[in-house]
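Using the hints, position chain C against chain V.
From first to last, the protein sequence lines are chains V and C.
Counting with numbering that gives the first Met the number 0, you get residues 0 to 155 for the letters of the first sequence.
Counting with numbering that gives the first Met the number 0, you get residues 0 to 106 for the letters of the second sequence.
Possibly wrong hints are sitting among the right ones.
Claimed, not checked - In the EDC-like style, the derived pairs of lysine to aspartate or glutamate whose C-alpha atoms are separated by at most 16 Å in a straight line are:
no.: 1; chain 1: V; residue 1: K91; chain 2: V; residue 2: E136
no.: 2; chain 1: V; residue 1: K77; chain 2: C; residue 2: D82
no.: 3; chain 1: C; residue 1: K60; chain 2: V; residue 2: E32
no.: 4; chain 1: C; residue 1: K60; chain 2: V; residue 2: E80
no.: 5; chain 1: C; residue 1: K105; chain 2: V; residue 2: E80
no.: 6; chain 1: V; residue 1: K113; chain 2: C; residue 2: D48
Claimed, not checked - Now the in silico label distances, taken between C-beta atoms and shown as ranges:
no.: 7; chain 1: C; residue 1: S51; chain 2: V; residue 2: P128; range: 34 to 40 Å
no.: 8; chain 1: C; residue 1: A23; chain 2: V; residue 2: E38; range: 47 to 53 Å
no.: 9; chain 1: C; residue 1: R21; chain 2: V; residue 2: L111; range: 42 to 48 Å
No lab work stands behind these hints, which were simulated from the structure alone.
For every residue, glycine included, the Cβ atom is placed at its ideal position computed from N, Cα and C.
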Amino acid sequence: MIRVIFSDTNFLISLFCFPSSTTQPSLAYEIAEAAERREISLLVVDVVAAEFEKVIQRDFLGFAPLFEKFLSLHNVVKLPEPTFELLTRAQKVCADPNDVEICAAAVQSAELYKVEYLLSNDFQNFHTPDMKAFLLEYDIIPISLYGLLKLLGKRP
Amino acid sequence: MTQALKSITIQLPEEDFLVLERKAQELGVDVEIIVQSRVHQTIRSGEVDPLSREAQLGFVKFLREAGPIFQQAAREMNLSEEDVLRMSRAARREVAEERHQARADKL
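Excised from the complex, chain C in its bound form:
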């Protein structure tokens, strides 16, 4: 079979990435999955006061829903508080580099 398709960009929910990745592995096709940042696209700045009761309750509501799911994953990964610090430091380095680069690009 001729491989005419070299690159394609599609948007999928992340759970579908996993299906796509598995299927690609079955077919022996190389797939590079790039998860793009969603933070800046989703921030609802200015809509609700971030310190309002609504925003704070939203935070806790989410925690009650997602906490057990995260906790289960953390348990399976055998995560410790030290791991949490290590993970946040690694993310910090990455975000700092991106912001630094974005500033340099602007200049």
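Just chain V, with the same shape it has in the complex:
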């Protein structure tokens, strides 16, 4: 069965800004290649796409047409409005209240799309014991880029 991965914004930015180092593909690019080989499926939800868009508007002025193309080629998922209960529960485990939306979106994605992993290199906010315990209730595991490649057997 193909593993479904919730893509966090920092992964998307890394993917586009660092597709390769000088001699080899970056960790992020290797993950994209795994998606191409259908070893995993990358899910991009609306709130993550909106954050990605903000980054483009602020830091990559002139790249909006590229973002439009991204939206047209990759099917971004529009999630339903999260319940008040879910937001309240997420709020309790988020070190930064700004993460509540993403945390809730990951839970919704687990329920709707069988997401198993939340792919993020934001160790400070998404790899905390509280966050891990909360996500585990919904069968989601926060995982780093390196951790995912390890899981896929591409790293020792």
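Same frame as chain V, now just chain C:
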């Protein structure tokens, strides 16, 4: 010259904003450019299964086309992985505030 025009709303591709901005600077005219969000207008929810082979290949196809362009820009900006986290955190704060406000407006 009398400045009768105070405000106008037009839609342009973003590359044209840059031309407009430069021209305005040459003429000494103040121009405020507001780039509106396109995410919710462009999402094709329900058309294609987001986990399908087609959607996944679309993602990688786009990456192959746009990756080198982004990478060049990132190199010029001397971006590091820490910068990426900082940029995504700043965007997160902005989107969270917008969604919070949208909910408050609904109530």
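Please test the hint of 34 to 40 Å on the beta carbon pair from S51 of chain C and P128 of chain V. holds, 35 Å
Check the hint pairing K105 of chain C with E80 of chain V against an upper bound of 16 Å on the C-alpha distance. holds, 12 Å
CA of K60 of chain C to CA of E80 of chain V, is that 16 Å or under? violated, 30 Å
Regarding the pair K60 of chain C and E32 of chain V, is the alpha-carbon distance no greater than 16 Å? holds, 10 Å
Under the criterion that the straight-line Cα-Cα distance not exceed 16 Å, is the pair K113 of chain V, D48 of chain C satisfied? holds, 13 Å
Between K77 of chain V and D82 of chain C, does the CA-CA distance stay at or below 16 Å? violated, 28 Å
Verify the proposed pairing of K91 of chain V with E136 of chain V, using a straight-line Cα cut of 16 Å. At roughly 14 Å apart (the allowed maximum being 16 Å), E136 of chain V and K91 of chain V satisfy the hint.
Range hint 47 to 53 Å: satisfied by the CB atoms of A23 of chain C and E38 of chain V? Distance hint for A23 of chain C, E38 of chain V holds at roughly 50 Å.
Using the C-beta atoms of R21 of chain C and L111 of chain V, is the stated range 42 to 48 Å upheld? holds, 45 Å
Taken one by one, the earlier hints fail for this structure at numbers 2, 4, listed in ascending order.
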